[in-house]
Amino acid sequence: MSKRRRSSGGRRAAEAKFWGRSDPEVPSGTEGGGPGPAQPAPTPIRPSPEPSALVRSLGPPPLAVDPAVAERHLAAVYEEAVRAATALAAANGLLDTTAADDDP
Amino acid sequence: MFEAAVAAHAIGVATAEEQELLRAHPDEWTRVLRRFVFETDDALASALRSSGEEREQVVTDLLAERERLSRVLAERTGDVIAGVGAPETRSPTAPPPSLPGPAPERSAPELQASWSDGRVVVWAGGPGAPAGSVEDLDRLLSRAEATAIPWERHSPVPLPGGSNAEARSAPLSQTLGWLVGLGAAQVPVASAGPSVRWLAQVAVWATRLVAEGRMVPVVRGSATSSGGGRNATSRHRVRWVPALVEREQLANLAAVMPGSVGTLQPTPQPDALLRAVMAATVDAISRAGASRLVAPAAVPEATTRVEVSEAILAGLDGRAFTASSEVAGRIAEDLKRWAAPVTASSRVGIVVALDPPADDGGWMLSVRVSGVDRHPLPVEHALVVASGAKAQQVEAQMRRVERLLPALRRPSTRRGQVVLDVDEATELMFHTGALLAAAGFEVYLPKVSRRRPRPQLRLHAETAGSAPQVGINQLADVRWSVLFDDLELDAAGIAALAAEAEPLVQVRGRWVHIERADLVAAAEALAERAAITQLSGAALLRHAVGLEGSVLGGPPRLDGTGWAVDLLRGARSSPPAPIAQPEGFVGELRHYQADALGWLAFLDRAGLGGCLAMDMGLGKTPTVLAHLRLDQGHGPVLVVCPPAVLGNWAVEARRFTPSLKVATHHGPRRLSGDDIVALAGVSDVVLTTYATAVRDVDVLEGIEWRRVVVDEAQAIKNPANETAQGLRRLRSWSRLALTGTPIENGLGDLWAILDFVNPGLVGGRSSFVEHLGRVASADQTRSSGPEEGALQALNGLLVFRRTKAEPEIAAELPDKVDKLDHCGMTAEQVGLYQAVVDRLLAQGLEEDANQRKGQVLAAITALKQICDHPAAYLADDDQPLTGRSGKLSRLEEILADVFAAGERALVFTHFASWGEKLARYLSGRTGRPIHCYHGGLARGARDQMIEEFQKGRGPGALVLSIKAGGSGLNLTAANHVVLYDRWWNPAVEDQARDRAWRIGQRSTVVAHRLVCPGTVDERVEEIVAGKRRIAGLVLPARSSLGDLDVDQLRVALGINTDEVIEEEPGGGAGEDTEEAA
Chain E
1 MSKRRRSSGG RRAAEAKFWG RSDPEVPSGT EGGGPGPAQP APTPIRPSPE PSALVRSLGP
61 PPLAVDPAVA ERHLAAVYEE AVRAATALAA ANGLLDTTAA DDDP
Chain W
105 MFEAAVAAHA IGVATAEEQE LLRAHPDEWT RVLRRFVFET DDALASALRS SGEEREQVVT
165 DLLAERERLS RVLAERTGDV IAGVGAPETR SPTAPPPSLP GPAPERSAPE LQASWSDGRV
225 VVWAGGPGAP AGSVEDLDRL LSRAEATAIP WERHSPVPLP GGSNAEARSA PLSQTLGWLV
285 GLGAAQVPVA SAGPSVRWLA QVAVWATRLV AEGRMVPVVR GSATSSGGGR NATSRHRVRW
345 VPALVEREQL ANLAAVMPGS VGTLQPTPQP DALLRAVMAA TVDAISRAGA SRLVAPAAVP
405 EATTRVEVSE AILAGLDGRA FTASSEVAGR IAEDLKRWAA PVTASSRVGI VVALDPPADD
465 GGWMLSVRVS GVDRHPLPVE HALVVASGAK AQQVEAQMRR VERLLPALRR PSTRRGQVVL
525 DVDEATELMF HTGALLAAAG FEVYLPKVSR RRPRPQLRLH AETAGSAPQV GINQLADVRW
585 SVLFDDLELD AAGIAALAAE AEPLVQVRGR WVHIERADLV AAAEALAERA AITQLSGAAL
645 LRHAVGLEGS VLGGPPRLDG TGWAVDLLRG ARSSPPAPIA QPEGFVGELR HYQADALGWL
705 AFLDRAGLGG CLAMDMGLGK TPTVLAHLRL DQGHGPVLVV CPPAVLGNWA VEARRFTPSL
765 KVATHHGPRR LSGDDIVALA GVSDVVLTTY ATAVRDVDVL EGIEWRRVVV DEAQAIKNPA
825 NETAQGLRRL RSWSRLALTG TPIENGLGDL WAILDFVNPG LVGGRSSFVE HLGRVASADQ
885 TRSSGPEEGA LQALNGLLVF RRTKAEPEIA AELPDKVDKL DHCGMTAEQV GLYQAVVDRL
945 LAQGLEEDAN QRKGQVLAAI TALKQICDHP AAYLADDDQP LTGRSGKLSR LEEILADVFA
1005 AGERALVFTH FASWGEKLAR YLSGRTGRPI HCYHGGLARG ARDQMIEEFQ KGRGPGALVL
1065 SIKAGGSGLN LTAANHVVLY DRWWNPAVED QARDRAWRIG QRSTVVAHRL VCPGTVDERV
1125 EEIVAGKRRI AGLVLPARSS LGDLDVDQLR VALGINTDEV IEEEPGGGAG EDTEEAA
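Heads up: the protein sequence lines correspond to chains E and W, in order.
The numbering used here puts the first residue of the first sequence at 1, with every later residue one more than the last.
The numbering used here puts the first residue of the second sequence at 105, with every later residue one more than the last.
Bound conformation, chain E alone (with noise of 0.2 Å):
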């Protein structure tokens, strides 16, 4: 980092940086203070219909038990975990409600 610029001006970069920007309407990285985020709509959540489809896709796990056994709880564990993370969104309205792309 350039040493000339270690003197007042840093310090309020610093500050400003510690602080981040209050306005969500200022983007980020320009005047009035250090970065922060902006608060753009969060994009609706929408779950997932084959919770275990990435676990699955892995292979069965490299434990020393019989496969199709891991692979059935590991399966009920997913489908409890994503229907936890699907109660957190819809009790705060971030689910995607409309309907998946086919016949209107």
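No lab work stands behind these hints, which were simulated from the structure alone.
Virtual Cβ for every residue (Gly too), placed ideally from N, Cα, C.
Some clues are possibly wrong.
Covered by chain W, per the in silico footprint, the following chain E stretches (three or more residues, Cβ under 8 Å) [as the list claims (entries may be wrong)]:
1. 10 to 21
2. 51 to 58
3. 85 to 98
Reference listing, derived: stretches of chain W covered by chain E, where coverage requires no fewer than 3 residues with Cβ under 8 Å from a Cβ of chain E [unchecked claim]:
4. 404 to 413
5. 432 to 444
6. 450 to 458
Here the structure of chain E is known, so what remains is to put chain W in place on it, guided by the hints.
Positioned in the frame of chain E, the structure of chain W alone reads:
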């Protein structure tokens, strides 16, 4: 100092003095800015070449600083200095520079949050604000709706400038719902500082990852262990970490992390901190889900690989377990490698695409690899281009997709390319595709529709070239096919599809799976009709409404050209325009009456007869009168109706269509022979009764009627009886039937009516009943029963059906309708009546006015009883009641209509003893328990009677003595009131009617007043109507019947035979003596 001013301005914190200084030296300002940019570039280049833990943070800071400087420079000069290694460019449209205003003052503390070892630490503070106290913090937590979280005291948070803010903290799991709510703006964000909002964004992102199944389990062990060497054990837990995290989104969110989030970290690095928060959130949500399951059993201390594996499965909810450090460590590494394809930072992606079938019917499935070159590459090409770690990543992703899509492992000329058959393609499009997308692959498949298309038979008709006939006899060439939505298939097409294991067709750009059972049914339907190549208009119509059978769930769709096609198109797709203000009609038609009038005009254009099946009380008579008025001048119309409504037709014609010349042909002094013909010649409408029409049919059939209208058409429901047979002899250009109950006893009634108005059109009775019954039953959308369903199947074509149950119609109806029914008198009644009058006049009148008045009133009472029924007058009468009273016949007709509509009626009479006889009689006739409510009953019995009536559902009636039941009772279960006999005081009658018409009544109340014309009944009507002229006598003011002399009494009380309606023997029109065939 000048350089400091330039730096301060670049980050927006320049004071007014510094801004003044810069404005005073613009050239120097630009030079310093340029130098700063180049120095930052030098520093950036050096940082990029370095390594170490802080490298990423340094690079991020330098990039941000460079961006700020470059922007200000571009604003001042229009120059854009490209990044390290890129040429300088000048923006031709750079706006002139302008100094920003001073940075805004912010002094109020905001709610802030920092991260510390899995806990969210909240405190109050902000730029320019003093460090927040506990009170400030509590206030802000309250405003942010976070008081339900069990915050604990935390050590104060050090702030820039040396102060400390009071703090509280809670485990992430306890704050998750609140953070996600903040991120979703469901919780007030106004008082939340950037750090809280940043954490909220991370929480939302983590929730999305878990909802999409993008997490994997890993095993973490504690650093401390017990025992030693190979027997060392330690505590372990399963943790869930995010998978398939978008790199760009990660970098962007890390770049905007406020420093306050990591202020409690020893060496805060945004990227690492973001990953830690993200992982903790994903772990918390996943463990919450896993904890809902019953965990399998595991040993308390796992030492072998099997035991540790079982402990891991049992511990997916995050509970700690004790295990051999060595064994657990190895399994943890194995799990890490197992999950690496989805957790390691990699740009390699897989794109799966399925092409529509080629000419040979094969579906090409191809897999490409993204992230190796600028564009996705075929797998083999990607494996050549990629090297080292990247090639391994490609292999790992390919193995993943091949596990979910085993067809890719088939021997093929190229890896990642395979031709699928239609069954495999169907499986991929309808099932596996979703699985691949959920596993994080990019998937491109032809569009599908999951809606099952229902087959429908299609009947295409073209007028036969030489067909001379029109209308129902017009011949048409026909062709049969089956429609699956928009896709038309003939027999050959269906056979070809049926040969496939998974029939798949394309409809409106989407692939649709057709059920094999539907194909079989369609093939059978076409085979049955293969020999039918020509049909008449009548047959086409029957097919279209389902009277020739319903196949594939309904009648066929008729299209093409010709009379039948045009007729159906006109009736169904563009209903006839309503006629709201018909010429010559005095009054205003309700909207459904205007619709009915439009339909009547449509029938005339089509050359068809029809059945106007509007509920009783909806105004069929004025509607038909309006139609007759519009058609005036084309010949006489014969209206055939029961005697009770004959007078009503005449009255309503005078009222609504006064320009129609209406004549009545009925009674012993009616015309005969050529005089009837002459009457028809000078009349627009001739009114007659069923019995009269049958008696004079020999003359009537010789007249060319424009139209024959049969009112209360249920009278001809038995096609074999004399009435129906006689009326069929009448010749007319068209026929119309009016009835509120077209299906009293079943679909056979409807057939009789429709066959009368359109002979031969609807086919035989048996097939009509069978096929229309199926059409009606197949319509699952109607809850009103198969009969109503049958009417709706024909509604708008041969039938115009409207009921009071339709909300639009109910809203338009008045709350109450008063109808005056003129009832006939039998010869027995006339004889008794005359005898009473003669006796009164013969015995002489009392001298005393009061006694004379009593004499007269007693006679009036007797006369009213006779008008009711001879049995009401003759105390010891034990003869059957049937057929001895016009009022009783009319009452039975009214109750038949009421019961057919499923409604309930009250029948009021002044004579309690007659009421009891009436109730017993009606119970026997209708088969329903009908009681008589009168003052002689005990209180309990009366209350129970009322309660039973009010609670009853479906058809029902109650007879009441008007004195006992005329006031105070709530009988809103009924919406029909029949005033069987009249009294002088209209208020008493209104009170009786108001037993039903009151608060709680949801239907229109129809009040029927039964009157025998030409008798004292009618005189009561005149008194009730407020007239002082009784039977032509003008009564002086304040006079009463007691003041009349003998001659006046003879006029006032005597029977006017010209006005009496002769009651036909046998109980009136419609009385069946034979069962329908």
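TODO: Just pull the numbers of the violated hints for me, sorted ascending.
DONE: Violated hint (a single one): 6; every other hint is consistent with the structure.
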